[in-house]
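Q: Okay, here's what each chain looks like letter by letter:
There are 2 protein chains.
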Amino acid sequence: MLSEFDLIKRYFKRERPGRPDVGLGIGDDCALLSPAPGRQIAISSDMLVEDRHFFAGADPFMLGHKALAVNLSDLAAMGARPIAFTLALALPRADEAWLDGFSRGLFALADEHGCELIGGDTTKGPLNICITVFGELSPGHALRRAAAKPGDDIWISGTLGDARLALAGCWKEVELTPEAQAQAAPRLHMPTPRVALGLALAAVPIAHAALDISDGLVGDLGHILAASSVGATLDVDALPGGPALARQDLALRRRFTAAGGDDYELCFTAPMSQRAAVLEAAAQASTPVTRVGTIDAVPGLRLVNAHGERLDLSLAGWDHFVAG
Amino acid sequence: MLSEFDLIKRYFKRERPGRPDVGLGIGDDCALLSPAPGRQIAISSDMLVEDRHFFAGADPFMLGHKALAVNLSDLAAMGARPIAFTLALALPRADEAWLDGFSRGLFALADEHGCELIGGDTTKGPLNICITVFGELSPGHALRRAAAKPGDDIWISGTLGDARLALAGCWKEVELTPEAQAQAAPRLHMPTPRVALGLALAAVPIAHAALDISDGLVGDLGHILAASSVGATLDVDALPGGPALARQDLALRRRFTAAGGDDYELCFTAPMSQRAAVLEAAAQASTPVTRVGTIDAVPGLRLVNAHGERLDLSLAGWDHFVAG
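Heads up: the protein sequence lines correspond to chains Z and H, in order. Residue numbers for the first sequence follow UniProt numbering, so the first one is 1 and each next one is one higher. Residue numbers for the second sequence follow UniProt numbering, so the first one is 1 and each next one is one higher.
Mixed in with the good hints, there may be bad ones.
Okay, derived cross-link-like pairs now, EDC-like style, lysine to aspartate or glutamate, Cα gap no bigger than 20 Å in a straight line [unchecked claim]:
(1) H:Lys-124 to Z:Glu-50
(2) H:Lys-124 to Z:Asp-51
(3) Z:Lys-9 to Z:Asp-100
(4) Z:Lys-124 to H:Glu-50
(5) Z:Lys-124 to H:Asp-51
In short, the hints are calculated from the structure, not lab data. Remember, it's a predicted structure, so these values are computed and weren't measured experimentally.
Take these sequences, add in the hints, and give me the full structure.
A: Structure follows, in structure tokens:
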């Protein structure tokens, strides 16, 4: 049987030149980072549990991708540049085919972002993947949830709702054609962290507040409103739905774009005076963005349709503790 | 039912002035650290799983202590000063009595070391505790496993074997009196990370190589030997056994001190010329140390008794993946 030591050596330790700001990687009591002088380190940690964040029997390559992607998405939402990550992994058994797929999916995305695996832990136990990711940014440039200001535009990257539609297809909540399921599924299983966009928005900085949409836009935008002590009006019909969702009826489109979950797009606010700069940053990051509402001083979130009429949608955010 | 948000607010978010080098704590997409100029950040991550690293029904206060202690022990072994940590927690249910005990045990130890909880994750799932800890040190001062040199003394902090004895008592592997069990149990459930000693040894630096003994001395010392391409002679009868173990027979004392596990003492090497400095560092850290062997150039680990005669002990280290 594969020992813990062999498992790490075979699947997770790579013999190649590391980043200059990684002083020491896998194999000692600690890893060592040497941050560039004057930079801040952004840190985020996400734990993925079988049957809660992914299905039992999920494809290991896609799971390796997703486990890192949701963490990189947090760095993106802060405007931080990825440096490195740790991986703690509980596995019911040392399944080599699983480890091979998982590590390939993980490293494919890590390499895309120059993000180095520097340490972690492996143990036997119910499948659990805990990644802690490290990024860097300049002090004062972090895109904070508490930074939205009345008059700011609200922007969304990419499209919303296809991840939730894929889940609805799996659950048979919605009848999907095989083509629609195939189109929506990658958004659920292999989300794209919007790292380049986050960096471009934080560089000047252009944006005020930002977060990544993981539990549904309405709930997540609520965190920005609460932290910033502001309110907002959101044009639900302006929300950019995914291509698979576009073929569904209006009620479902509204529900899944506004409160789907697992989107891993950025929601950010920026002053009206920065509209051109936002569009330029989006072009530079090759990431489409859509303006979907306005921050104002009146507490609460008002949902409106394309004609500016109030919508009374019953939308609940996803709570990883209560739900499911 | 307690939501994820309420749970974090009630048990883990504290309203008090944070450390000046923590730019941002719990509540945004990322936490932010602002390391002092020129310092390195030491990072370690440990995952604790029920029935593997602790018993089902383990006292939550002690579990909170231990989950952080094993991580602080890694910082100690590197000679790093604790700054902060993240906590990712999967819980089968939001049990408030459990959360109250766990968070109190966690923060009691964290406060002792000025180590701030800056973020993490909570989710429903089989009980799993994943902590990632951050410390700081001066470049070139880290106590690396690869730094042992022929001629170095081998030192051990504190005492060994009582944690393993407590486990043997629980398993009925050894018949223990209630007094012996009560004396040994804290070493298993509430280990003391040797942070002050690690800092003192790294300050000059006095020590060459170091690690913390988590899987049994013989196995862990083997990591230093392999990383440093050296060998060693270890005087098994010089190993400082714990007070509960002292009343057991010689064979058990040898086995549990040399290859017990869960000791969380430091094993370090230092040149003979530094003996007085090691003892002074130990006194300064109020941590006893014992000299137990010598590093040499001959590959392999030779176990000897008090008379220098070779012992042929069959000792296996603990592998968190294969064992159990």
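Q: State for each hint whether it applies.
A: A quick look at each hint next to the structure:
With a C-alpha separation of about 10 Å, the suggested pair Lys-124 (chain H) and Glu-50 (chain Z) falls inside the 20 Å cut-off, and the hint holds. For the proposed pair Lys-124 (chain H) and Asp-51 (chain Z), the alpha carbon gap of about 10 Å is at most 20 Å, so the pair holds. For the hint pairing Lys-9 (chain Z) with Asp-100 (chain Z), the CA-to-CA distance comes to about 12 Å; that is within 20 Å, so the pair holds. Pair hint Lys-124 (chain Z) plus Glu-50 (chain H) holds up; C-alpha atoms about 10 Å apart against a cutoff of 20 Å.
The suggested pairing of Lys-124 (chain Z) with Asp-51 (chain H) holds, with an alpha-carbon distance near 10 Å, which does not exceed 20 Å.
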